[in-house]
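Peer 1: For chain F, the structure is supplied; the task is to place chain C on it using the hints.
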Amino acid sequence: MSDDSIEKVSIILSKGSLDGLYPGLIMGNGALMEGIDAMLFFTFFGLEGILDRKMDRIKVATVGNPGMHMPTVIGSLPGMSALATSMMKKEMEKLDIPPVREFLEMIHDGGGEIYACKAAMEMFHYTANDLWKDVDGILTVGEFYEKSAGAQIIFT
Amino acid sequence: MPTKTINGKTITVDEDGFMTDPSQWDEDVARWLAQELGIEVTDRHLLVLNFMRAEFEKNGQAPSLRKLKNESGVGTKELYKLFPKGPAKKAALIAGLGKPQGCI
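Protein sequence lines, in the order shown, are assigned to chains F and C.
Number 117 in the working numbering belongs to position 117 of the first sequence; there are no gaps in the numbering.
Number 90 in the working numbering belongs to position 90 of the second sequence; there are no gaps in the numbering.
With the rest of the complex left out, here is chain F (with noise of 0.2 angstroms):
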């Protein structure tokens, strides 16, 4: 490998829908597949994707998201959400992209190492009860560059 491959990526996940969370959960599960140290740091509403009662019920957003091409308010009418959520789950499933849960179990047996962002755990009021059992912990900004050291930052 030349000197300027990238050993280590951290990546920021701050959106809870589906299409929100599934970059970086790409890219975190692609870079350990490469030999790249991952990191995951989960921030804002990229929480939901890791709070037990909640990754199993991720959906896509069906309103202000420009790409969907769907007017406002159709993207708003009832059921609209799910059902965008329903088609875009099979067309993943024939990429064998895996459910959230599922997803993230890889990227952790794989090495990958999983945060939830301090501050959003107590602006939302959650505690470490509410995250998936396989979370590494909790960090504060500061501990999450510490951690971060001579790793790409990756915002998603």
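A couple of the hints might just be wrong.
Restricting the straight-line Cα-Cα distance to at most 20 angstroms, the calculated cross-link-like pairs of lysine to aspartate or glutamate (EDC-like) are [claimed, not checked]:
(1) C/LYS77 - F/GLU105
(2) C/LYS67 - C/GLU78
(3) C/LYS67 - F/GLU105
(4) C/LYS58 - F/ASP4
(5) C/LYS89 - C/GLU40
(6) C/LYS81 - F/GLU34
(7) C/LYS81 - C/ASP43
(8) F/LYS59 - F/ASP4
(9) C/LYS85 - F/ASP56
(10) C/LYS85 - F/GLU93
(11) F/LYS94 - F/GLU7
(12) F/LYS94 - F/ASP56
(13) F/LYS8 - F/ASP109
(14) C/LYS81 - F/GLU7
Hints were generated in silico from the structure; no laboratory data involved.
Peer 2: Just chain C now, with coordinates in the frame of chain F:
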């Protein structure tokens, strides 16, 4: 196309070292390719390699890491232990298959 010769057997490989003709593969070739990566092939490795080759024959491409861990009988943790630093790619290389085309 570059070639490599192993114990008198010649294989063709691409610029990244992946074999271009899966039919030139056998377990001796696998042992040799693995050794180049610092991996000593065990029965567990062979289980994964043979699963991958069977999948390749069925689907024309190396299986994803997800498929490997769900269907080969070897879990994610062990896959990373058997093929350190990049299981899907290293296993595909040792299995004599092309570079994996998927992202998972």
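Peer 1: Starting from C/LYS81, check that the Cα of F/GLU34 is at most 20 angstroms away, please.
Peer 2: holds, 14 angstroms
Peer 1: Below or equal to 20 angstroms on CA atoms is what counts here, so check C/LYS58 against F/ASP4.
Peer 2: violated, 38 angstroms
Peer 1: Take the C-alpha atoms of C/LYS85 and F/GLU93, compute the straight-line distance between them, and say whether it is at most 20 angstroms.
Peer 2: Cα-Cα ~25 angstroms, so violated.
Peer 1: Holds or violated: are the alpha carbons of F/LYS59 and F/ASP4 at most 20 angstroms from each other?
Peer 2: Violated: F/LYS59 and F/ASP4 sit about 38 angstroms apart, past 20 angstroms.
Peer 1: Is it true that the CA of F/LYS94 sits at most 20 angstroms from the CA of F/GLU7?
Peer 2: With a Cα-Cα distance of about 30 angstroms, the restraint between F/LYS94 and F/GLU7 is violated, given a limit of 20 angstroms.
Peer 1: Quick one, are C/LYS67 and C/GLU78 close enough, alpha carbons at most 20 angstroms?
Peer 2: holds, 14 angstroms
Peer 1: Has the given pair, C/LYS85 with F/ASP56, been kept, meaning a C-alpha gap of at most 20 angstroms?
Peer 2: violated, 29 angstroms
Peer 1: Could you grab the alpha-carbon distance between F/LYS94 and F/ASP56 and see if it respects the 20 angstroms cut-off?
Peer 2: This hinted pair holds, its Cα atoms lying about 19 angstroms apart.
Peer 1: Between F/LYS8 and F/ASP109, does the CA-CA distance stay at or below 20 angstroms?
Peer 2: holds, 17 angstroms
Peer 1: Check whether the Cα positions of C/LYS81 and F/GLU7 lie no farther apart than 20 angstroms.
Peer 2: holds, 18 angstroms
Peer 1: Below or equal to 20 angstroms on CA atoms is what counts here, so check C/LYS89 against C/GLU40.
Peer 2: Judged against 20 angstroms, a Cα distance of about 16 angstroms means the pair holds.
Peer 1: Checking one constraint from the list: CA of C/LYS77 to CA of F/GLU105, max 20 angstroms. Satisfied?
Peer 2: This hinted pair holds, its Cα atoms lying about 10 angstroms apart.
When held up to the earlier numbered hints, the structure conflicts with 4, 8, 9, 10 and 11 and fits the remainder.
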